[in-house]
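Number of protein chains: 4
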Amino acid sequence: MSRTADMAAAVLACEWGRVLDAVASDVGPHRGAGRVADYIPALARVDPGHFGMCLATRDGEQAGVGDARVPFSIQSISKVFGLTLALRCRGEALWERLGREPSGSAFNSVVQLESERGVPRNPFINAGALVVTDVLVSEFGAAGALEAMVSTLRELSGNPAIAVDEEVAASEAETGHRNRSLAHFMKSFGRIENDVDEVLDVYFRQCALAMSCEDLARASLWLANDGRAPGRDEPFVSQTLARRINAIMLTCGHYDAAGDFAYRVGLPGKSGVGGGIIVVVPDRLCVAVWSPGLDASGNSKVGTLALEAFVEHTGLAIF
Amino acid sequence: MSRTADMAAAVLACEWGRVLDAVASDVGPHRGAGRVADYIPALARVDPGHFGMCLATRDGEQAGVGDARVPFSIQSISKVFGLTLALRCRGEALWERLGREPSGSAFNSVVQLESERGVPRNPFINAGALVVTDVLVSEFGAAGALEAMVSTLRELSGNPAIAVDEEVAASEAETGHRNRSLAHFMKSFGRIENDVDEVLDVYFRQCALAMSCEDLARASLWLANDGRAPGRDEPFVSQTLARRINAIMLTCGHYDAAGDFAYRVGLPGKSGVGGGIIVVVPDRLCVAVWSPGLDASGNSKVGTLALEAFVEHTGLAIF
Amino acid sequence: MSRTADMAAAVLACEWGRVLDAVASDVGPHRGAGRVADYIPALARVDPGHFGMCLATRDGEQAGVGDARVPFSIQSISKVFGLTLALRCRGEALWERLGREPSGSAFNSVVQLESERGVPRNPFINAGALVVTDVLVSEFGAAGALEAMVSTLRELSGNPAIAVDEEVAASEAETGHRNRSLAHFMKSFGRIENDVDEVLDVYFRQCALAMSCEDLARASLWLANDGRAPGRDEPFVSQTLARRINAIMLTCGHYDAAGDFAYRVGLPGKSGVGGGIIVVVPDRLCVAVWSPGLDASGNSKVGTLALEAFVEHTGLAIF
Amino acid sequence: MSRTADMAAAVLACEWGRVLDAVASDVGPHRGAGRVADYIPALARVDPGHFGMCLATRDGEQAGVGDARVPFSIQSISKVFGLTLALRCRGEALWERLGREPSGSAFNSVVQLESERGVPRNPFINAGALVVTDVLVSEFGAAGALEAMVSTLRELSGNPAIAVDEEVAASEAETGHRNRSLAHFMKSFGRIENDVDEVLDVYFRQCALAMSCEDLARASLWLANDGRAPGRDEPFVSQTLARRINAIMLTCGHYDAAGDFAYRVGLPGKSGVGGGIIVVVPDRLCVAVWSPGLDASGNSKVGTLALEAFVEHTGLAIF
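Protein chains in written order, with the numbering used here: chain A, 1 to 319; chain B, 1 to 319; chain C, 1 to 319; chain D, 1 to 319.
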């Protein structure tokens with residue numbers, strides 16, 4: 001009997017809710033661990049004690065625990081959706097503008113950007129996400145780019161209330177000097193087509209989208225379903241594209257801790273400095289977790305522990 | 001019906017041999033493409049027209065095509081087995097000696113090694129593999145370390161004739177200045193315990209092991225079988241460890257093209273500059289492919305194309 | 001008899017004007033060589049055939065040749081004067097904000113800035129000059145900082161007509177993405193005190209000052225006179241400070257070609273991408289030269305040749 | 001009256017011995033400061049309390065203080081003489097093999113060596129000195145290269161007893177992994193012509209030459225005398241070459257503290273991790289100082305203070 005069949009059996013025997021309760025219990029002693037992102041004042045005020053987790057299967061099951069319905073700042077998790085929209089517009093030609101290799105560097109490093117003349121290593125470091133945003137601004141205009149992102153997330157999650165947290169967006173705009181630096185740096189190599197301030201404005205606002213674990217788990221389901229979003233006739237993206245985005249999440253989804261996350265959790269995932277992480281079990285389900293305290297690489301500390309525990313309880317893994 | 005079940009059905013309907021024939025036919029027009037590694041004279045003389053591929057399933061099925069039984073220099077593929085032996089000896093404590101993050105750099109780069117004071121990024125860049133070899137020399141002595149590697153590969157593959165190609169080993173020793181440089185560099189930070197020349201000797205000889213695709217596919221099967229090697233009562237390694245090694249292969253197995261390989265092929269794999277690549281389909285099978293011409297990152301050009309075609313024909317992928 | 005006395009004798013025997021004529025004749029065949037800076041559109045339009053040179057001694061002698069009185073964009077030569085004003089305000093405490101080591105990198109590199117957390121290597125790379133400008137803005141306000149620079153240069157040169165070329169300033173502001181990037185980068189480390197756009201505005205305008213070789217040679221004389229400017233009762237700066245600024249010019253005045261300039265010319269100097277260079281013969285005189293075509297490091301090609309010829313004709317050198 | 005004439009007057013008024021006594025008295029409270037180089041065991045045992053200084057003028061005057069006649073390990077000061085011999089053999093063609101720019105990096109850094117494909121930045125970082133040694137080995141053979149160095153130093157200093165400290169040489173050879181790494185690294189780019197071990201052997205032995213401050217001050221006098229060594233009919237090198245070596249000493253003589261040394265001392269100089277420093281006052285004299293404790297950049301801490309005091313007492317400076 002294959003491992004997949006084993007798992008299915010094991011999992012059917014319990015209920016998802018009980019799995020999440022067990023996970024929450026496992027990480028209970030660690031609640032509040034890590035350090036809330038402090039370089040964006042509006043994020044620094046978030047209570048580090050929050051913990052929420054939500055799971056959604058492609059068969060329509062769903063379970064949550066803790067603050068699963070409390071919205072938080074999705075930050076870099078938005079990069080998955082930005083990339084997806086850009087790939088839908090540009091296809092493989094997008095890769096003329098940026099790479100898809102793990103960077104081996106911090107999320108906001110500029111070193112490789114200089115040696116590679118303004119071409120970012122991958123779409124999940126900040127420089128790469130700025131190029132992706134620039135593509136969307138070229139496609140839709142500045143207002144249209146944000147609107148495309150918001151309406152996509154509302155539709156995929158089924159939550160029409162998803163919106164930008166304007167206080168966070170303003171806080172990012174005010175303190176986002178490193179991102180401004182990256183954008184001007186690439187512009188100096190001719191790698192940004194649009195006005196830098198316009199691109200940054202869209203970028204800061206998309207990072208400041210507030211969503212709950214429930215919203216995120218549902219909005220990501222097409223990644224676990226060969227590109228098909230529940231309730232849509234047309235595939236959101238092709239099977240090939242969905243698999244490829246999973247591959248990029250696995251190799252590049254956690255900055256300079258991508259290898260560690262693959263080693264410990266073993267699932268494609270994407271984190272944000274708001275403390276959220278989404279992971280995908282291909283052909284099965286998505287999980288979103290939230291806990292604001294970060295580790296040294298900027299990934300949710302308790303969130304990662306929870307996903308490790310989840311994999312241990314369920315045996316779900318791609319390796 | 002799940003994708004895994006789909007695949008199973010699709011695959012049962014054809015025979016593995018026919019799949020490999022189709023793959024060989026697909027890549028036929030590309031035979032000879034790429035550039036044979038020329039920095040090791042004994043490798044530079046290999047005919048770039050070779051192509052071989054072998055598949056072995058955990059259920060005991062096997063199929064080959066082309067030069068599937070022709071031995072070639074496994075080079076960096078040996079790093080997977082070296083790492084495994086070292087992890088069996090030292091467990092998680094091994095990670096005090098090296099990282100497990102993709103490096104974002106070429107296989108022989110020294111830049112990160114300087115900024116990280118002699119601690120290699122991962123076990124699959126040369127510096128990391130030298131640390132692994134150093135661990136094995138500490139455990140088994142210099143002669144014993146090589147013997148442990150050779151006997152393990154003979155046992156796992158069932159081929160008692162596997163041996164070091166002494167001409168290649170001598171050629172590597174003579175021209176391996178970059179590796180000597182890396183080893184002395186780490187020694188200067190106190191990161192190599194044993195005599196540098198002894199460690200290098202084992203390293204060069206393990207890279208010079210000659211194995212065929214058939215040997216490699218069989219010797220790797222425990223990676224696709226939760227750590228259990230066919231015909232052994234005891235697991236070769238634990239399920240957890242097997243999964244973790246797959247994770248490292250996916251994030252770090254192709255030097256600075258790891259992201260590209262994950263994007264295009266989507267399977268854990270490890271390449272060598274001899275032109276070989278092994279990949280793992282967890283819970284199912286292993287494939288080894290060989291074609292000596294390399295791309296700019298040092299990975300087999302036609303071998304990668306063949307694996308892309310294999311995934312396309314079978315739908316086997318982890319994402 | 002000491003070399004200095006030798007020189008004095010040799011030089012008195014000829015007239016300065018004849019020396020400059022000989023130099024102009026030497027470099028005649030090279031007129032127009034090099035590449036006019038093309039990243040600032042207003043500079044790209046300058047005729048590469050210009051050549052001017054002016055010498056002023058601390059004893060009041062002066063000589064010129066060619067376009068010695070044609071104003072051009074002084075660009076980075078302004079960094080010498082900015083640094084001097086900042087050192088007059090802050091003294092040695094200025095070095096808490098930036099280093100005084102040659103960078104080994106291009107003038108606009110960001111690599112060291114990242115590894116050294118936003119502290120520039122020296123005041124003559126762009127990042128360092130931006131910190132200096134920031135200090136001046138803190139001291140005088142944005143308008144006052146530029147005014148301090150302009151009035152100082154007018155007074156030192158005796159030319160009340162010195163002014164910003166507003167077209168060049170506008171051109172720099174429009175295309176200065178790399179400088180914007182550097183400034184925001186340092187701001188992200190808290191290394192810029194004032195509003196980035198204000199600092200950049202002063203910086204772009206000070207670079208866009210238009211001065212002739214005659215203006216520059218006269219305005220620099222205090223560097224050759226232990227800090228005393230002709231016609232001023234009070235020293236402009238102390239002897240110690242004048243010497244130290246000469247030292248920084250020698251080690252850092254020509255970006256990543258500082259060593260080459262010291263080797264070939266052997267005098268403290270500072271170049272600008274407008275094609276100007278000033279050099280100092282301590283205790284004797286200053287020379288300013290202008291020729292718009294640049295070499296690969298961004299220094300005036302014919303200007304450097306002219307200074308080599310000047311040293312050869314006069315034997316004046318500090319080594 | 002020119003500064004030079006001022007100085008001459010001031011200096012004639014005192015005696016050199018009294019100047020050195022005053023300097024020794026100034027630095028007395030700092031005796032023993034800094035950290036003795038500990039990576040070479042034979043150096044680590046040197047008493048940090050040593051202090052010696054010797055001055056020799058081109059007119060034949062000489063003065064010493066403290067341990068001016070105690071031999072110590074000259075270490076990198078040997079690079080000046082190695083470079084000089086190589087330039088005498090190869091002339092300007094030597095610069096095809098290495099640069100002459102300050103590196104902006106530590107003396108043993110490998111980062112730039114990788115990005116510049118094995119071409120060292122300048123002859124005074126270790127990699128550059130290894131290339132220089134390689135040139136000498138090509139010219140004279142391994143034994144001949146060392147012999148050329150030793151006999152030159154004996155002749156220039158007038159001390160036939162100058163010899164390699166074999167204990168230090170053995171200690172360097174045993175612990176010199178970083179230098180081995182650099183040499184193999186360059187060899188991998190084809191930048192070292194001879195056998196790496198032979199080149200290293202000469203290099204380690206030349207660094208282990210034991211000389212006193214008196215030996216060094218006398219052996220360097222040609223640098224202060226337009227290339228003429230006292231008591232030789234033929235110039236040791238040309239005036240041009242002597243000046244150029246001074247220029248390289250000023251820009252590159254103190255590793256990543258070259259700018260600081262120029263700023264504080266303002267004279268061309270070269271330091272060694274044995275705690276020695278030589279400086280040149282062109283057209284006048286040379287000074288050698290020794291105090292084993294080093295600062296963070298590997299330059300003698302008290303030696304640098306003594307040279308600052310010397311400049312303050314005498315007003316001798318090139319700027």
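Worth double-checking, as some hints may not be accurate.
Derived CB-CB ranges, DEER-like [to be verified]:
1. A/E92 with D/G190: 50 to 56 angstroms
2. A/E139 with C/E193: 36 to 42 angstroms
3. A/R264 with C/E193: 38 to 44 angstroms
4. D/G231 with C/A161: 55 to 61 angstroms
5. B/D233 with A/D38: 51 to 57 angstroms
Sample of chain B residues lacking proximity to chain A, with all beta carbon distances greater than 10 angstroms (derived) [stated by the list, open to error]:
6. D47
7. G64
8. E101
9. P102
10. A173
11. D197
12. I248
13. D256
Treat the hints as calculated values from the structure; they're not laboratory data.
Where a beta carbon is used, it is the ideal one built from N, C-alpha and C, also for glycine.
- Message: Is the claim that B/D47 lies outside the interface with chain A correct, judged by CB distances over 10 angstroms?
- Response: 31 angstroms, holds
- Message: The hint says 36 to 42 angstroms between A/E139 and C/E193; measuring C-beta to C-beta, is that right?
- Response: 39 angstroms, holds
- Determine whether the non-interface label on B/D197 survives the test: each CB of chain A must be over 10 angstroms from its CB. 30 angstroms, holds
- Item | Interface-negative label, B/G64 against chain A, beta-carbon threshold 10 angstroms | 24 angstroms, holds
- Message: Given the hint of 50 to 56 angstroms, is the C-beta distance from A/E92 to D/G190 inside that range or not?
- Response: Taking Cβ atoms as reference, A/E92 and D/G190 lie about 38 angstroms apart, which means the hint is violated.
- For B/I248, is the shortest beta carbon distance to chain A beyond 10 angstroms? 6 angstroms, violated
- Between D/G231 and C/A161, does the beta-carbon spacing fit 55 to 61 angstroms? 59 angstroms, holds
- Is it the case that B/A173 keeps its Cβ farther than 10 angstroms from each residue Cβ in chain A? 29 angstroms, holds
- Query: Do the beta carbons of A/R264 and C/E193 sit within 38 to 44 angstroms of each other?
  - Reply: Once the Cβ atoms are compared, 42 angstroms apart, the range 38 to 44 angstroms for C/E193 and A/R264 holds.
- Item | Given as non-interface: B/P102, which should sit over 10 angstroms from chain A by C-beta | 4 angstroms, violated
- Measuring Cβ to Cβ, find out whether B/D256 lies farther than 10 angstroms from everything in chain A. Answer for B/D256: violated, closest chain A Cβ roughly 6 angstroms.
- Query: Does the hinted range 51 to 57 angstroms hold for B/D233 and A/D38 at CB?
  - Reply: Holds - the Cβ-Cβ distance for B/D233 and A/D38, about 54 angstroms, lies within 51 to 57 angstroms.
Violation of the numbered hints given earlier is confined to hints 1, 8, 9, 12, 13; the remaining hints are satisfied by the structure.
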